[in-house]
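Chemist: Sequence:
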Amino acid sequence: MEYQAKQEKAGALRRLRRFVNGLGRARQCCVCGRSFFRFSKFRGGWNSFSPYLNNVKWTGSDFDNFWCPFCRSHDRERHLMLYFDRLGIWEKLAGAAILHLAPEKHLAGRIEACRPARYVKGDLFPSREGVERVDVTQIPYAAASFDWVICNHVLEHVPDDVQALRELWRVLRPGGHAILQTPFASGLEKSLEDPEIADDEKRIEFYGQEDHVRLYGRDLFDRIRGAGFQLTLMKHAECLPAMDARRYGVNPDEPLFLCCRDGVS
57 MEYQAKQEKA
67 GALRRLRRFV
77 NGLGRARQCC
87 VCGRSFFRFS
97 KFRGGWNSFS
107 PYLNNVKWTG
117 SDFDNFWCPF
127 CRSHDRERHL
137 MLYFDRLGIW
147 EKLAGAAILH
157 LAPEKHLAGR
167 IEACRPARYV
177 KGDLFPSREG
187 VERVDVTQIP
197 YAAASFDWVI
207 CNHVLEHVPD
217 DVQALRELWR
227 VLRPGGHAIL
237 QTPFASGLEK
247 SLEDPEIADD
257 EKRIEFYGQE
267 DHVRLYGRDL
277 FDRIRGAGFQ
287 LTLMKHAECL
297 PAMDARRYGV
307 NPDEPLFLCC
317 RDGVS
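For what it's worth, the working numbering labels the leading residue of the sequence shown as 57, then goes sequentially.
No lab work stands behind these hints: they were computed from the structure.
Remember, predicted model here, so these are calculated numbers, not experimental data.
Glycine included, C-beta positions come from ideal geometry on N, C-alpha and C.
Treat the hints loosely; a few may be bogus.
Below, simulated DSSO-like cross-link-like pairs (lysine-lysine); rule was C-alpha separation at most 27 Å, straight line [as the list claims (entries may be wrong)]:
no.: 1; residue 1: 97; residue 2: 258
no.: 2; residue 1: 291; residue 2: 97
no.: 3; residue 1: 97; residue 2: 113
no.: 4; residue 1: 258; residue 2: 246
no.: 5; residue 1: 113; residue 2: 246
no.: 6; residue 1: 113; residue 2: 258
no.: 7; residue 1: 161; residue 2: 97
no.: 8; residue 1: 148; residue 2: 161
no.: 9; residue 1: 258; residue 2: 148
no.: 10; residue 1: 291; residue 2: 246
no.: 11; residue 1: 246; residue 2: 161
Quick list of simulated restraints, FRET-style, between CB atoms [unchecked claim]:
no.: 12; residue 1: 295; residue 2: 89; range: 35 to 41 Å
no.: 13; residue 1: 250; residue 2: 198; range: 35 to 41 Å
no.: 14; residue 1: 309; residue 2: 147; range: 23 to 29 Å
Using the sequences and the hints, build the whole thing.
Modeler: Structure below.
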């Protein structure tokens, strides 16, 4: 009974905070359309980041503006949606064959609404209905099966990322496109992959999360190109100049990793 009472009290406090937050207009979620005072932080926000990650100019999520307090969309899928809006990618997904790895709930819903000819949602540890088990280093589909591959913040979790990139290229059709977002440090020339960084505390300090297995440096771009992709980095300021990143809760330093196979765009 005591546990239930605590849970009910916590739920009431969350609802109250959400109500008060909803009275504001400074921030807006591009997924649910609601306006409010502020997005919710991921853990402790940027203040919880280690000095090392700040020094090497880590770029990825916006941890101060992470969750929408209403629909629970996170900044990574919101940013992709804004990029897709601006570049007309939604229209290109209609009738296409799509592989979506670690599929985000809201992004998946938008893709399904585009009525693709084939939409495969895959995850190494699927937890939702309609998501297949897919190991990105051994993708169980034939070569040249997909027009689009979406792999949003996945590679930093994969021990053999070079093999994963080869597999992503293999299943993509010539002329097909891949979205390969991943956090990286613009202040690092070479990626940090140290077997001594093995426990949760060290991984959070040097990699940003306990389930990350490396911190990419600028050589990330060469890794992607080395797998056969043509890579175009589309910067927020150039692609979305009218979008106030703070208002929409996205990281303006995170570019869109737009890749294509065989140099055909």
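Chemist: Please flag the earlier hints that this structure goes against, numbers listed from lowest up.
Modeler: 9, 11, 12
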